[in-house]
Each structure stands twice: as C-alpha cells, then as structure tokens.
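*Asks:* Each residue of the sequence shown is one higher than the one before, counting from 1 in full-length UniProt numbering.
To be clear, the hints were calculated from the coordinates, so they are not data collected in a lab.
Virtual Cβ for every residue (Gly too), placed ideally from N, Cα, C.
It is possible that some hints are incorrect.
[To be verified] As a list, the in silico DSBU-like pairs of lysine-lysine whose alpha-carbon atoms are at most 35 Å apart:
| id | residue 1 | residue 2 |
| --- | --- | --- |
| 1 | Lys15 | Lys58 |
| 2 | Lys77 | Lys15 |
| 3 | Lys58 | Lys40 |
| 4 | Lys15 | Lys40 |
| 5 | Lys58 | Lys77 |
| 6 | Lys77 | Lys40 |
[Claimed, not checked] Simulated restraints on C-beta separations:
| id | residue 1 | residue 2 | range |
| --- | --- | --- | --- |
| 7 | Glu5 | Met85 | 21 to 27 Å |
| 8 | Ser24 | Gly86 | 28 to 34 Å |
| 9 | Gln87 | Glu21 | 15 to 21 Å |
| 10 | Asn95 | Ala19 | 27 to 33 Å |
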Amino acid sequence: MGEVEISMAATDRIKAILAEEPVSSAFRIGVEGGGCSGFKYAFSVVARPDDSDHFLEKDGARLVVDDTSLPFLLGAKIDFVDDLMGQSFRIENPNAASSCGCGVSFSV
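Could you put together the complete structure from these sequences and hints?
*Replies:* As structure tokens, this is what we get:
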C-alpha cells in the first residue's frame with residue numbers, strides 16, 4: 001500500500017495507540033458515507049485485520065485500509081497534529097474536491 005504516505009508524527013501516534021493493544025492489532029483508516037461533505041474518514045483499532053485489507057507498516061506502526069476505502073485514499077498523506085485546536089489525525093488527500101472546516105469530511 002505504498003500509495004498512502006504516513007508522516008513520522010502519525011507513525012509515532014499509531015505506535016503509541018497500538019502499544020496498549022494485542023500484537024496482532026492494527027490501526028484502520030477507512031472512508032464512510034456521511035459527514036457534512038458527503039464522505040468522512042473513520043479511524044479505529046482492529047484486533048485482527050481482514051485478509052482483504054491493504055497493509056502499510058512503518059517503523060512498527062501497522063496501518064490497514066479496506067478495499068472499498070483504498071481508491072479514496074490513493075496518494076493521501078496521513079499526519080498527526082498536536083496544536084492549540086487539539087490532537088487529531090489529518091489527511092491531505094489529492095482525491096478530495098473539497099473538504100469541510102473540521103477536516104474529517106470531504107467530497108470527491
């Protein structure tokens with residue numbers, strides 16, 4: 001899944017999240033219908049990834065994306081930001097035609 005890039009800040013945060021989970025766990029990013037712009041990003045920890053998942057492992061951070069979400073995320077860069085507005089994963093997505101102010105919702 002080399003088509004999705006993950007920053008060092010996101011890598012470090014994912015590793016910290018997964019440190020509390022079983023070894024077989026992975027951090028899942030997906031795209032779901034909804035949000036104020038039509039689609040939204042979804043983040044979760046899964047105990048065991050599905051056989052059809054696409055994997056990205058960077059410095060011990062295991063990220064998985066399902067088949068349906070992958071086309072929406074091709075070329076995207078996943079980052080983790082800790083600023084005055086709070087902590088959150090941010091996605092710079094070249095496939096998004098527009099996004100809302102929250103940064104979690106987008107349209108294609």
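*Asks:* Could you say whether the range 28 to 34 Å given as a hint is met by the Cβ separation of serine 24 and glycine 86?
*Replies:* Cβ of serine 24 to Cβ of glycine 86: about 30 Å, so the range 28 to 34 Å holds.
*Asks:* Are lysine 15 and lysine 40 close enough, with their CA atoms no more than 35 Å apart?
*Replies:* holds (23 Å)
*Asks:* Sort out whether lysine 40 lies within 35 Å of lysine 58, counting only the CA atoms.
*Replies:* Given pair lysine 58, lysine 40 holds - Cα atoms ~24 Å apart, limit 35 Å.
*Asks:* Is the hinted pair lysine 58 and lysine 77 satisfied, with a Cα-Cα distance of at most 35 Å?
*Replies:* holds (13 Å)
*Asks:* Under the criterion that the straight-line Cα-Cα distance not exceed 35 Å, is the pair lysine 77, lysine 40 satisfied?
*Replies:* holds (15 Å)
*Asks:* I want to verify a distance hint. Is the separation of the beta carbons of glutamate 5 and methionine 85 within 21 to 27 Å?
*Replies:* holds (23 Å)
*Asks:* Are the Cα positions of lysine 15 and lysine 58 separated by 35 Å at most?
*Replies:* holds (9 Å)
*Asks:* Could you tell me whether the CB distance from asparagine 95 to alanine 19 stays inside 27 to 33 Å?
*Replies:* holds (31 Å)
*Asks:* Could one say that the CB atoms of glutamine 87 and glutamate 21 fall in the range 15 to 21 Å?
*Replies:* holds (18 Å)
*Asks:* Please work out if lysine 77 and lysine 15 have their alpha carbons no farther apart than 35 Å.
*Replies:* At roughly 17 Å apart (the allowed maximum being 35 Å), lysine 15 and lysine 77 satisfy the hint.
In terms of the numbered hints stated before, the structure departs from none.
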